[in-house]
Amino acid sequence: MRIQIDTNLSTPLFQQLMDQIKKAVMDGLLKPGDPLPSIRQLANDLELNHNTVAKAYRILERDSVIQTKGYRGTSIHGDAIQNSTINMNDSITTKLNETIKSLRESGATDSEIRIAFSNVMKNQ
Amino acid sequence: MNIDHLLYIVLFSQIMFLSYYYPRRMLIRIHTIFKNYPPNDFPKLYPESIEKYKKSAKRYQVMNHLIMVLGFGLIVWFYVTPRTGGWDQVIVFWYFMIQFIPNIGVELWSMNYHKAMRLLNQDAQKEAVLQPRRLTDFASKNFLGTVVVIYIIFVGFIAYVDQFDYPWFGGYLNVLIISGVFLFFGLILYRAMYGKVKNPHQSYEDRAINIQTLVRQLLSMAIAVMLYAMLQISLKVFGLESFKAISISLYFHVIGFLSMQWPRLDFINFDVYKDKPALTK
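Chains as they are written, first to last, in the numbering used here: chain A, 313 to 436; chain B, 190 to 470.
Don't take each hint at face value.
The calculated DSS-like cross-link candidates involving lysine-lysine, where the alpha carbons are at most 30 Å apart (straight line), are [claimed, not checked]: (1) B:315 with B:387; (2) B:304 with B:244; (3) B:385 with A:335; (4) B:315 with B:304; (5) B:224 with A:343; (6) A:343 with B:385; (7) B:224 with A:381; (8) B:304 with A:367; (9) B:387 with B:243; (10) B:241 with B:224; (11) A:381 with A:367; (12) B:243 with B:385; (13) B:330 with A:381; (14) B:315 with A:343; (15) A:367 with B:385; (16) B:244 with A:381; (17) B:315 with A:367; (18) A:335 with B:315; (19) A:367 with B:387.
What follows is a set of in silico ranges between Cβ atoms, one per label pair, in the way DEER data are often shown [unchecked claim]: (20) A:359 with B:250: 26 to 36 Å; (21) A:321 with B:439: 22 to 32 Å; (22) B:282 with A:374: 56 to 66 Å; (23) B:454 with A:361: 48 to 58 Å; (24) A:343 with B:359: 17 to 27 Å; (25) A:361 with B:430: 27 to 37 Å; (26) A:376 with B:216: 51 to 61 Å.
No wet-lab data here; the hints were simulated from the structure.
For glycine and all other residues, C-beta sits at the position ideal for the given N, C-alpha and C.
Start from the sequences and build out the full structure, keeping to the hints where you can.
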């Protein structure tokens with residue numbers, strides 16, 4: 313199974329990596345339990361920074377698409393097929409849209425929402 | 190025929206093999222690439238002018254010819270000068286080191302060549318295979334097992350000889366040195382398998398063939414170095430030290446033969462070098 317990233321695209325590199333691994337899982341090219349290359353191997357093969365691949369792997373692990381088991385390395389998670397269909401970005405965008413809509417309806421201005429959002433994020 | 194004559198023959202063979210035959214085969218390979226894959230059709234193969242590469246090839250040839258002449262001089266010197274002690278093997282060893290210098294030059298040249306390739310490479314698309322590389326992908330388990338078994342035999346052999354308290358015997362230092370060599374081999378293999386891509390245009394399959402060649406070369410060398418070490422110790426134990434210079438020369442033949450195992454040119458995908466680098470468009 314080959315993976316291809318394009319450094320000219322506006323999509324972040326870690327996102328391209330994640331999308332392709334998820335697509336490969338959904339297309340059946342990668343099956344639960346299939347081993348994945350180490351972060352070092354994949355980063356060097358794609359001439360990427362190790363942190364970029366590490367970030368993609370970290371998010372995929374959080375979403376239970378892949379799993380890391382110590383010396384056994386990284387492999388495709390048992391529930392990867394159903395977890396690959398969930399797009400966290402879409403989910404966050406939907407929730408934020410709903411919240412902003414509700415705040416506007418209650419009379420808050422865009423400027424007030426931005427300042428409040430920024431303050432909340434800073435205090436996290 | 191006495192031992193001296195045998196040494197002249199083996200040394201002559203070493204000179205011809207490592208300073209004539211080996212470089213000749215390499216130069217034939219280089220000139221075949223120049224002829225069959227010219228810069229006009231395969232521009233990515235030539236990050237710098239072909240004339241520069243032809244000059245480097247010529248320099249490599251001249252260096253090997255000079256070393257060959259030096260080797261013949263050495264045989265004449267051996268013939269006219271009476272020698273005592275173990276000097277023969279020391280001289281044969283250092284002569285091999287000199288024979289190896291042009292190959293160090295080739296390695297340095299190769300590093301610069303790939304660096305120039307990477308600098309010119311403007312491809313935005315990068316490709317990789319989502320599969321971990323393992324040593325067993327490149328060498329059979331039997332081959333790896335053979336190396337391990339010979340290593341165990343080697344340690345056992347050292348432990349056995351160590352019982353006799355020979356004053357010249359280094360004991361377990363031999364194991365330490367051989368283990369150090371293997372650690373170095375391991376580092377080379379690790380870099381080849383997981384390290385940065387040297388050639389940005391090379392296909393995944395060609396890279397795999399290159400890694401496989403390197404793995405097999407180093408594993409064979411690991412076996413050769415252990416067998417050679419056991420042979421050298423055995424010769425000393427049985428008082429056959431006069432054969433040491435011959436055995437070291439034969440060992441260098443083996444090392445040279447193993448180093449010469451290059452992937453066949455017709456198995457390499459040269460199509461990847463066809464498009465012009467973006468900077469030169």
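For each hint, the structure was consulted:
1. B:315 with B:387: OK: residue 315 of chain B and residue 387 of chain B at ~13 Å, within 30 Å.
2. B:304 with B:244: Measuring from Cα to Cα gives roughly 19 Å; hence the hint holds.
3. B:385 with A:335: Answer holds: residue 385 of chain B to residue 335 of chain A is near 26 Å, not above 30 Å.
4. B:315 with B:304: holds, 17 Å
5. B:224 with A:343: violated, 46 Å
6. A:343 with B:385: holds, 28 Å
7. B:224 with A:381: Violated, at roughly 51 Å.
8. B:304 with A:367: Measuring from Cα to Cα gives roughly 28 Å; hence the hint holds.
9. B:387 with B:243: holds, 22 Å
10. B:241 with B:224: Between residue 241 of chain B and residue 224 of chain B the Cα gap is close to 15 Å, so the pair holds against 30 Å.
11. A:381 with A:367: With Cα atoms ~17 Å apart, residue 381 of chain A and residue 367 of chain A stay inside 30 Å; holds.
12. B:243 with B:385: holds, 28 Å
13. B:330 with A:381: holds, 24 Å
14. B:315 with A:343: holds, 23 Å
15. A:367 with B:385: Within the cut-off at roughly 19 Å; holds.
16. B:244 with A:381: violated, 53 Å
17. B:315 with A:367: holds, 18 Å
18. A:335 with B:315: holds, 18 Å
19. A:367 with B:387: The hint holds at about 25 Å.
20. A:359 with B:250: 26 to 36 Å: holds, 35 Å
21. A:321 with B:439: 22 to 32 Å: The hint (22 to 32 Å, Cβ to Cβ) is violated, given that residue 321 of chain A and residue 439 of chain B are roughly 58 Å apart.
22. B:282 with A:374: 56 to 66 Å: Distance hint for residue 282 of chain B, residue 374 of chain A holds at roughly 58 Å.
23. B:454 with A:361: 48 to 58 Å: About 35 Å separates the Cβ atoms of residue 454 of chain B and residue 361 of chain A, which means 48 to 58 Å is violated.
24. A:343 with B:359: 17 to 27 Å: violated, 53 Å
25. A:361 with B:430: 27 to 37 Å: violated, 56 Å
26. A:376 with B:216: 51 to 61 Å: holds, 57 Å
Checked against the numbered hints given earlier, this structure breaks hints 5, 7, 16, 21, 23, 24, 25; the rest are met.
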